[in-house]
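Number of protein chains: 4
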Amino acid sequence: MNTIGKIFTFTSFGESHGKAIGGIIDGCPPGIVIDEGYIQSELNRRRPGQSSISTPRKEDDKVEFLSGIFEGRSAGTPIAFVIWNTNQHSDDYNHLKDVYRPSHADYTYQQKYGIRDHRGGGRSSARETAGRVVAGAIAKLVLKESGVSIHAYTSQVGHIAMTQDVEDIDLSQIESNAIRCPQSDVAEKMIRYIEELKAEGDSIGGVISCVATGIPTGWGEPVFDKLQARLAQAMLSINAAHGFDYGKGFGGVSLKGSEMNDAFMSTDGKISTKTNHSGGIQGGISNGGDIFFRVLFKPVASISKKQQSVDIHSNNVELEVRGRHDPCVLGRAAPVVEAMTAITLLDLYLHSKTYR
Amino acid sequence: MNTIGKIFTFTSFGESHGKAIGGIIDGCPPGIVIDEGYIQSELNRRRPGQSSISTPRKEDDKVEFLSGIFEGRSAGTPIAFVIWNTNQHSDDYNHLKDVYRPSHADYTYQQKYGIRDHRGGGRSSARETAGRVVAGAIAKLVLKESGVSIHAYTSQVGHIAMTQDVEDIDLSQIESNAIRCPQSDVAEKMIRYIEELKAEGDSIGGVISCVATGIPTGWGEPVFDKLQARLAQAMLSINAAHGFDYGKGFGGVSLKGSEMNDAFMSTDGKISTKTNHSGGIQGGISNGGDIFFRVLFKPVASISKKQQSVDIHSNNVELEVRGRHDPCVLGRAAPVVEAMTAITLLDLYLHSKTYR
Amino acid sequence: MNTIGKIFTFTSFGESHGKAIGGIIDGCPPGIVIDEGYIQSELNRRRPGQSSISTPRKEDDKVEFLSGIFEGRSAGTPIAFVIWNTNQHSDDYNHLKDVYRPSHADYTYQQKYGIRDHRGGGRSSARETAGRVVAGAIAKLVLKESGVSIHAYTSQVGHIAMTQDVEDIDLSQIESNAIRCPQSDVAEKMIRYIEELKAEGDSIGGVISCVATGIPTGWGEPVFDKLQARLAQAMLSINAAHGFDYGKGFGGVSLKGSEMNDAFMSTDGKISTKTNHSGGIQGGISNGGDIFFRVLFKPVASISKKQQSVDIHSNNVELEVRGRHDPCVLGRAAPVVEAMTAITLLDLYLHSKTYR
Amino acid sequence: MNTIGKIFTFTSFGESHGKAIGGIIDGCPPGIVIDEGYIQSELNRRRPGQSSISTPRKEDDKVEFLSGIFEGRSAGTPIAFVIWNTNQHSDDYNHLKDVYRPSHADYTYQQKYGIRDHRGGGRSSARETAGRVVAGAIAKLVLKESGVSIHAYTSQVGHIAMTQDVEDIDLSQIESNAIRCPQSDVAEKMIRYIEELKAEGDSIGGVISCVATGIPTGWGEPVFDKLQARLAQAMLSINAAHGFDYGKGFGGVSLKGSEMNDAFMSTDGKISTKTNHSGGIQGGISNGGDIFFRVLFKPVASISKKQQSVDIHSNNVELEVRGRHDPCVLGRAAPVVEAMTAITLLDLYLHSKTYR
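Chains as they are written, first to last, in numbering that gives the first Met the number 0: chain L, 0 to 355; chain V, 0 to 355; chain F, 0 to 355; chain E, 0 to 355.
Source of the hints: derived by calculation from the structure; they are not laboratory data. Please note: incorrect hints may appear among the correct ones.
Note that identical chains are pooled: a pair holds if it fits in a single copy or bridges any two copies.
[What the hints assert, rightly or not] With a straight-line Cα cutoff of 25 Å, these simulated BS3-like cross-link-like pairs (lysine-lysine) come out:
hint: 1; residue 1: K5; residue 2: K188
hint: 2; residue 1: K305; residue 2: K352
hint: 3; residue 1: K305; residue 2: K273
hint: 4; residue 1: K143; residue 2: K18
hint: 5; residue 1: K188; residue 2: K304
hint: 6; residue 1: K61; residue 2: K143
hint: 7; residue 1: K197; residue 2: K305
hint: 8; residue 1: K255; residue 2: K304
hint: 9; residue 1: K143; residue 2: K197
hint: 10; residue 1: K96; residue 2: K143
hint: 11; residue 1: K143; residue 2: K305
hint: 12; residue 1: K305; residue 2: K96
hint: 13; residue 1: K197; residue 2: K18
hint: 14; residue 1: K197; residue 2: K304
hint: 15; residue 1: K143; residue 2: K269
hint: 16; residue 1: K197; residue 2: K255
It should be emphasised that the depicted structure is a prediction, and the values quoted were computed from it without experimental measurement.
One chain only, chain L, in its complex shape (with noise of 0.2 Å):
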């Protein structure tokens, strides 16, 4: 269904080539100075249309706010929002009516519902996702007054990885490049690898890597909302998202239970842990280090190059899909990784209030 979290809520709406897509943001307290200009400025850093490797679609993605601020505050009710879809070639999908893409939801939609918006991918284009920037912006400045900060970058694309440990990254260089690869000389590889896919008419995939700071010990509600199982819903509901994992993830797999562990240690009374490989949770809770967990994103589905597939009448067919897509999302699907954390981060820490 269309609506996450318990206290915290963000329902969705929308395809991507109806009148709109948008949101209602329920729980959010009351209270918060709701800058707009800031969640615009992270609905542009998904837009499309960013960078030579992303696809040359234009949308605005303004977002315009329906309810729930009052005198630049929220007020403690439904938060509404609408962005417009203005510049869709609906046309550009009419040869795709009757026709089912590969590892596109096409199929699986005519199956489930009867009925499919064709255009654009309908209600599952990534388009979706603006939508939860938003509301996930609005998370970020609950979060920031309780000091925590979310970042989020493209740590692989295809084989091309960082080489730097998480320790020693720069957050500051994410916005540096298209990619949002915060390594420089990596980033370059990776846009140069994207560049040559897309001369192909191909498509990747990679991992995002996300770390949250300053979030103190208590958020996770055992034993189903544990903080990893949230967060593995959140980003597994993203468009694309193929794996998550948390701490080590499955880099280490082979490590015993005396390298695994992280040891604790007190100073000056404060206790802390002398590494991180658990990603800052343990039982499911917080543990006062930082989050660190990593997204799989599979390639794009829409590639130019000519594909086998069926139509809605069972006959086998060949298929080029014509239209604008990215050859690589990764850089755009930082702020979604980033947005999604916030919203989870958000329901839980409200959750956690309720014990005090």
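Based on the hints, put chains V, F and E in the right spot on chain L.
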């Protein structure tokens, strides 16, 4: 919190050294034959003390149903059950009362709740998962009527990984060894490695793979309750789970779109895909193919090697954890992965019925 | 919070003097013909300015759908809509900025949220119910396909009550007068009484009765989501609603068990009850009879008579509320009662499908 | 379904003639002293066999806690409990196996679930409410720390109603008689009337009134989880409950706005209302005054008088219900009303903490 699901729900309770663990299953369709022998056999698969590589703790783990079953069938009312705690050696944990074990939930529970049952990990003990196996067994009984079957197996222990592809695996071999790896030569290596680590007082993690067959198109509720999102939450809610991926997963990160996409084909009017790199899910909805995913487990945090830690008064201490622990939980985790899969799939199956 | 329902859900937003009100409907079965003309006609029934006994405020209340509808049918995706606020006289409320109106939500909103949109009651305005009427109209369209129809009417205004029994009522007469009372002589008395009170600057409440027909056995989810429990929540969530009863209700408090019980009878193998004192519900589940219940509404709190109150600085003040208010909301509340009934019934209907 | 609440939740299980009834309380704040003696005393207030006007069934109703309590305090983890069924005369119900009792849930359960535990009403038995009393007692223990107290009493039995206003009632007299009516002369009349009906084999209903004091402003979550909406759901979920109103209620239907409105006044800077016709709630949020509401109960459906009914083969039959039944449940329903009030208020109280 301790309830999972929206229509078919499971609420879990219990600490490892309290009177009992158990739970309440709500929303189970009525009229299902509740085969208690089968449920107990599932529980036995998770039970400790089964082999040389698991803890020598003997726990009877007999399930006792209290409600919701009438003349051998589900009545449509809540099914409550208990598993009594009978073999608890609570005194084994006296030396841990004032110490936080590294990479356990001791510290975070104390910080979150201000109170903590230190005996056997209390609520954070993996013993809690026994209740999930009971709920999962009931979900499996319901799903079986629709032709769904679910098999989880150990595909990797530390650096030792299966070499067979998922398509080539003989699922009937899963139960043939203690680590539940269907490739017998690899299983032997895994077991030998675990015995070595046990002798050293160390532990190891690995990967459980899971395949679910017989699922029709249409299960999964975009955009936030996508099938993979709900599976990810369910899996990451299991103790020690650190990662999740589906289809090609992290191992396929280098694949281009043209390699990753699953081409459609039509055979005698029936649509399927030539490959299944997507693990049976497109756009958050089952596509009729086999569901395939992996779950990463970190090494058991309880090791008998000496570790540095702190006590509740913030003093630095050296710690030797006594007690009866598994050097590797993978074999016993497989039934838990199956159970959480069944619980998740059934909930989404029932949800899909509301559309017809 | 601002979402109601579990499977068919409605999330409401909007303040009376903000940009718009509206909402998101999720879980609507796909393929339903969304008859926008019908939906607008339902909205028109609730619209102010319809007659001498309602507020002279003119509000266009045009619904604009933003998503979830494709080629005239529900797509199974969220249906978002807005109703723009176009006739707001926000300056009318300037004199209320610093004063708490008696028996309004001004004081409690200020206390709860620490911030409050004073213009037209903000979020607590009955204008919010327009969105419910839209969601209810869509629920009615779905229910109509199953043969369910819902009619609410004014059965009492102040001391003036209908004398007809529910069985004798001609439901087709409901729309024949401004107060929506199907007994025309009583309706006339009600209207005359309301006009008198309007002249005095006073207001009056009363009772809406509602009957839903065509409901099969089996809707309602004991023990906490019993049909009557969910109806009660839905009704008491309407502005100014102060009471709910079903079947014989408070009026039957003197009946003995032998008088109250609905004897069963079998006619040609079909089971029904001789009487329907239970209002079509037994044990929280529909029994195949007509659902019948009543909703009490208090008098409109906005009166133009002088009242004693306090301001935000805790000074005692005298208050004269200006603005354009209804002396009696009953006629306009009937469509809202119908809408909330439809939303509730559809959610429980869809839930009942998960058992089959 | 069988879970109520969002943050403080209670999940109920059990049939009257199964092994046990009970439940799981989740979200209870940690560190609360769980006074088991007090909880048992609350349960004793609901227990059958207390007096000449209740059923002669003896049920021990001893609560046994299974989890969530450590060293006498709530641990922040789920609190599970059972009440074993020990005095069940299941054979008393053999003659009802094939017959639907009028105004019972036999028929609707059979229709909904296709299966039904006929013994003692199974899941639809009022015995299920014993579990609610346990959960309510724990909620009361939490609320007591915030100065909240809750008292329910019988204000009407059939045509016999209290004449005292709520303001004049001596709440300490509630427990002084079997019907739990604090006006002793009226209580005597009620009891005499019930004894007469018992002799006739008949039954009677009535009204429970409830007052909750010490509640600060700010509890209640508009627009759908308004305080009165959540109370209404909770109350109508109780067996045999047929109505709910708050403040002046149905009795005040003739009041004009000028009579109904609660004028504000400020005394030494403290704001309160001169009257409390609104029952302590404005706009769905507590206003600092006493919460006051009423719950209507229909007469017990089990009467020993001969009744017309049908059997499961759709034959018309004459029925005489044997067994041990209450002629009037009001006295025993009062603790259940208190319990559901406490469960509801605590959930909303905890929710209100997320704003601060």
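Now the hints, each set against the structure:
| no. | hint | result |
| --- | --- | --- |
| 1 | K5 x K188 | neither (42 Å within a copy, 45 Å between copies) |
| 2 | K305 x K352 | neither (54 Å within a copy, 37 Å between copies) |
| 3 | K305 x K273 | between (53 Å within a copy, 15 Å between copies) |
| 4 | K143 x K18 | neither (33 Å within a copy, 28 Å between copies) |
| 5 | K188 x K304 | within (23 Å within a copy, 44 Å between copies) |
| 6 | K61 x K143 | within (23 Å within a copy, 39 Å between copies) |
| 7 | K197 x K305 | within (14 Å within a copy, 54 Å between copies) |
| 8 | K255 x K304 | between (45 Å within a copy, 11 Å between copies) |
| 9 | K143 x K197 | neither (38 Å within a copy, 46 Å between copies) |
| 10 | K96 x K143 | neither (45 Å within a copy, 31 Å between copies) |
| 11 | K143 x K305 | neither (47 Å within a copy, 40 Å between copies) |
| 12 | K305 x K96 | within (17 Å within a copy, 65 Å between copies) |
| 13 | K197 x K18 | neither (30 Å within a copy, 43 Å between copies) |
| 14 | K197 x K304 | within (11 Å within a copy, 53 Å between copies) |
| 15 | K143 x K269 | within (23 Å within a copy, 35 Å between copies) |
| 16 | K197 x K255 | between (42 Å within a copy, 11 Å between copies) |
In summary, the structure is inconsistent with hints 1, 2, 4, 9, 10, 11 and 13 from the numbered list given earlier, while agreeing with the others.
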